[in-house]
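Peer 1: Working from the sequences, and respecting the hints, build out all of it.
Numbering (this note's numbering), first residue to last: 26 to 210.
Please keep in mind that the hints were generated in silico from the structure rather than gathered at the bench.
Hints are supplied without guarantee of correctness; some may be wrong.
Below, in silico cross-link-like pairs of lysine-lysine (BS3-like), each with a Cα-Cα straight-line distance of 27 Å or less [said to hold, decoys possible]:
no. : residue 1 : residue 2
1   : Lys59     : Lys116
2   : Lys110    : Lys59
3   : Lys113    : Lys201
4   : Lys90     : Lys44
5   : Lys163    : Lys113
6   : Lys116    : Lys57
7   : Lys113    : Lys75
8   : Lys93     : Lys59
9   : Lys59     : Lys113
10  : Lys199    : Lys110
11  : Lys113    : Lys177
12  : Lys110    : Lys163
13  : Lys110    : Lys149
14  : Lys93     : Lys75
15  : Lys93     : Lys116
16  : Lys162    : Lys177
17  : Lys93     : Lys113
18  : Lys149    : Lys199
19  : Lys90     : Lys57
20  : Lys175    : Lys149
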Amino acid sequence: VVTRFPPEPSGYLHIGHIKAAFLNNYYASLYKGKMLLRFDDTNPVLEDVKYENSIMEDLETLGIKYEKISYTSDYFQLLEEYCIKLIKMDKAYADDTNVEEMRNQRGEGIESVNRNNSIETNLKLFEEMRNGTEIGKKNCIRAKIDMSSKNKCMRDPVLYRCIVDIPHHRHEYKYKCYPTYDFAC
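Peer 2: As structure tokens, this is what we get:
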């Protein structure tokens with residue numbers, strides 16, 4: 026059995042984190058497996074190395090042992106490749122709808138005007154995002170799921186967003202767009 030505790034290094038651990046860490050550690054121990062510590066470092070706006078250090082110190086203080094540390098950012102290249110595959114399968118699209126309008130459309134089950142753009146257009150816009158251009162910064166990549174789903178979370182969620190002006194704490198300015206937690210986990 027392999028369990029994973031995936032905190033975002035954007036703040037200190039709270040009671041919900043501790044509960045999850047204890048449960049993951051317990052099941053790994055019970056079944057003679059291992060627990061992995063996986064930092065979900067997909068949002069450079071909020072993350073800081075001081076929080077990583079604090080999380081590791083807190084886990085040690087609590088007697089929670091993990092076998093290995095990894096980072097979601099270790100897999101950014103692979104995640105970009107998966108995103109490209111989804112676009113090529115017509116399962117994802119680029120969207121420049123502003124955040125408030127997107128929230129309203131998702132709530133009401135209204136499709137974005139960009140939802141049926143060509144695969145070629147979506148690939149081009151994702152490349153603009155990856156390069157951090159002005160056009161790229163206005164776009165995100167959304168999954169093409171079901172805008173009529175009763176579960177509003179399944180109404181074309183965002184998979185990638187562009188964050189250009191803030192360095193990633195491990196990769197500096199190497200990446201211009203980042204997967205969302207929902208896509209990366």
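Peer 1: Now look at each hint and say whether the structure bears it out.
Peer 2: We went through each hint and held it up to the structure:
no., hint, verdict
1, Lys59 with Lys116, "violated, 35 Å"
2, Lys110 with Lys59, "violated, 32 Å"
3, Lys113 with Lys201, "holds, 21 Å"
4, Lys90 with Lys44, "holds, 14 Å"
5, Lys163 with Lys113, "holds, 21 Å"
6, Lys116 with Lys57, "violated, 39 Å"
7, Lys113 with Lys75, "violated, 39 Å"
8, Lys93 with Lys59, "holds, 9 Å"
9, Lys59 with Lys113, "violated, 37 Å"
10, Lys199 with Lys110, "holds, 21 Å"
11, Lys113 with Lys177, "holds, 25 Å"
12, Lys110 with Lys163, "holds, 22 Å"
13, Lys110 with Lys149, "holds, 13 Å"
14, Lys93 with Lys75, "holds, 19 Å"
15, Lys93 with Lys116, "violated, 34 Å"
16, Lys162 with Lys177, "holds, 25 Å"
17, Lys93 with Lys113, "violated, 34 Å"
18, Lys149 with Lys199, "holds, 19 Å"
19, Lys90 with Lys57, "holds, 13 Å"
20, Lys175 with Lys149, "violated, 32 Å"
This entry does not satisfy hints 1, 2, 6, 7, 9, 15, 17, 20, going by the numbered hints stated previously.
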